[in-house]
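Engineer: Start from the sequences and build out the full structure, keeping to the hints where you can.
Listed in order, the protein sequences are those of chains W and Z.
Residues 310 to 691 (our numbering) make up the first sequence, in order.
Residues 391 to 707 (our numbering) make up the second sequence, in order.
Rather than coming from a laboratory, the hints here were simulated on the basis of the structure.
There's no promise every hint is true.
Unchecked claim - Only pairs whose alpha carbons sit at most 27 Å apart, straight line, appear in this in silico DSSO-like list of lysine-lysine:
1. Z:K469 / W:K525
2. W:K525 / W:K329
3. W:K525 / W:K603
4. W:K603 / Z:K525
5. Z:K530 / W:K329
6. Z:K469 / W:K329
7. W:K329 / W:K603
8. W:K525 / Z:K525
Here is what each chain is made of, one letter per residue.
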Amino acid sequence: MIHAVATLVRKDLRERFRDKSFFLLGILTPLVLAFILDLVFGDLGEGELEVRMGVVDADQSDVSSQLGEGLVALDGQGGFEVTMLGADADADAVIDDDGLDAVVVIPDGFGAAVNSTDTPSLDVVENPDRPVQAGVVESVVDGLVADIERSRLLAGAGEQLDLTVPADSLASVLEVRREHPGGEGLDVGARMFAGMAVMFVFFTVQFGVTTLLSEKESGTLTRLLAAPIPRDSVMIAKGAVSYVLGVLATMILMVAASVLLGASWGSWIGATLLVLSAVLTAVALMAVVAGLAKTAEGAGAAQAIIAVGLAMLGGSWFPVGEDGLIGMLARLTPHYWFLSGLEDLPDAASWTVVGTPVLAMLIIAVVAGVPAAILLRRRLTP
Amino acid sequence: MSTTSSEPIAEVSGLHKRFGAVHAVNDVSLRIGAGETYGLLGPNGAGKTTTISMLAGLLEPDEGTVVVAGTPIRPRSTKGREAIGLVPQDLAIYPDLSGEENLSFFAALYGMPNREASQRVTEILDVIGLTDRRKDRTSKYSGGMKRRLNIGIGLLHSPRLLILDEPTVGVDPQSRNAILESVEALSGEGMAVLYTTHYMEEAERLCDRIGIIDDGTVIAEGTTAELTASIGEQERVRIEVNGQVEDAVEHIRAMDGIADVGADDHALVILASDGSHHLPAIIGHLTDGGAQIGSIDVTRPDLEAVFLHLTGKALRE
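Structural biologist: Written out as structure tokens, the structure is:
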């Protein structure tokens, strides 16, 4: 059995490496896609979102000065670079000339509005080429305006209750709340890469299990079944080839992300365990599809749909909510657990933090693997 | 054709296989000796491939047994498989591997040690005439080269029984002839060969014995001569003549083995169980009577006629 499996695996791997499909779909495509997403969303390759922001205080009041100083105080924190511009600076021109992501303009009359019943407002001039960074500045400003409103209400209530409101209450609201799209542990670029890796491993592993169908169609399966080898060795070899290719592609992508983008995965032991589990799950799920499909072409199409669907549901493209139906469905995908494990790894003291994600993926692998084996065995006919 | 040995290599008894309501193979039994080429002749869908699938251990029979080289063959067992070489009808080769790699892979799969495998691969490449193209991917081979490699893989492990399932389908005449010559040489070396085809001329040329299969049942079995004789078909001798033939006709009609003598425009048509054997005497009667002979044409009854007689339909229907 072992000799037969090893012989079949060597032959299949030679074919896969020779027809270049493994390199194209398993490594090059996710690599290129991750870089394209990096270019589109910007700065993911730096490992941290950097935001260059300018501030124009056109009001020159005490309140506006206090707000301006508060914004400038963000400089150097969490990837922010903040520059105080002149009171008469042209925000559009500065963005064009200096390439700032956004300029916050404190308009004339802002201080007066804060100290009256009028609604204070701040203007944000955004760089159209940097939508993500400009969006972050906009979020900061929205938060500021909301906090100023809250401070005004608090002050009004305090006066009614004859309480003294601290004069520096405005400064306390200048706390920027930023959320990493992928959680705190993994930077955006690394998460994007991991998401692509776990999505494309589903395409990579199909090279193995689906060849059972293509060998049946081409007639070579008849020859294999006529050989003095156990029938199950053919099925085991196909699964093993899928697994080897999947692990190889994913590990290459993760090392590439680490070397090229400086992505930090935390413990490599933990990361490797996650990869091994995720690929096992992918093989089992794709084997179920191959077992149900009538032709290799049909299996390939169904596997592609399922791979993309699971990737979206599991958060490969964008983070998904933890709660509700979506959160529950996401937990049924290996993508969710793989990414969740990677999120926890960088800040964890030990690789054992991946225990739950690994266990969850192994459960999915067993649940899918048993019917997959039964279905594929039925395909072992001439 | 070669001399048949009495040693049985393949013994098939009472095979049945049903696919739902279709009784694809119905009580098929056959026996093939060492050095014998057995032809399974029948139209498409007759049950040839299903029969050889059970013989090669690919399909589980519903009933019946298959024994090859003394070992019962079952799909779930690997025992006895090394005695069987299968050449499927499809080109069962890997296009992204070279001819040499294809052969080496199957040599390893049949458990041949590396050194022996290497020698055998070289021998087979020589036999099938692909030594010069051994390193080329088979996707670059011509159709005939692929067919030859397909057969070479079946021969690789020197099987006692070689099963060839319609090996000349879609092959050009030159490659077809090369394949037929190879099969003739193999049976001469003592290998038992089971050859399925729906080409009667191939069966007549290659096979020591022929089983005619239709609707899953072997309806007749024997040598070509036995099969044609069994249905009472006669040889037809047509002789173009000039001059008086009346006396000669009476003499010919009186000969043993002559079934009928008729005449059409300037020609005699004689039906005989063995027209070729009687030809010298027939010619003698005609020339003695003063007739001048133009041309002579002897038409033997063939397997097509046998099949038509037995089933009421043509072999290629």
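Engineer: So, against the hints stated earlier in the document, which numbers end up violated here?
Structural biologist: The structure conflicts with hints 4, 6, although it agrees with all the remaining ones.
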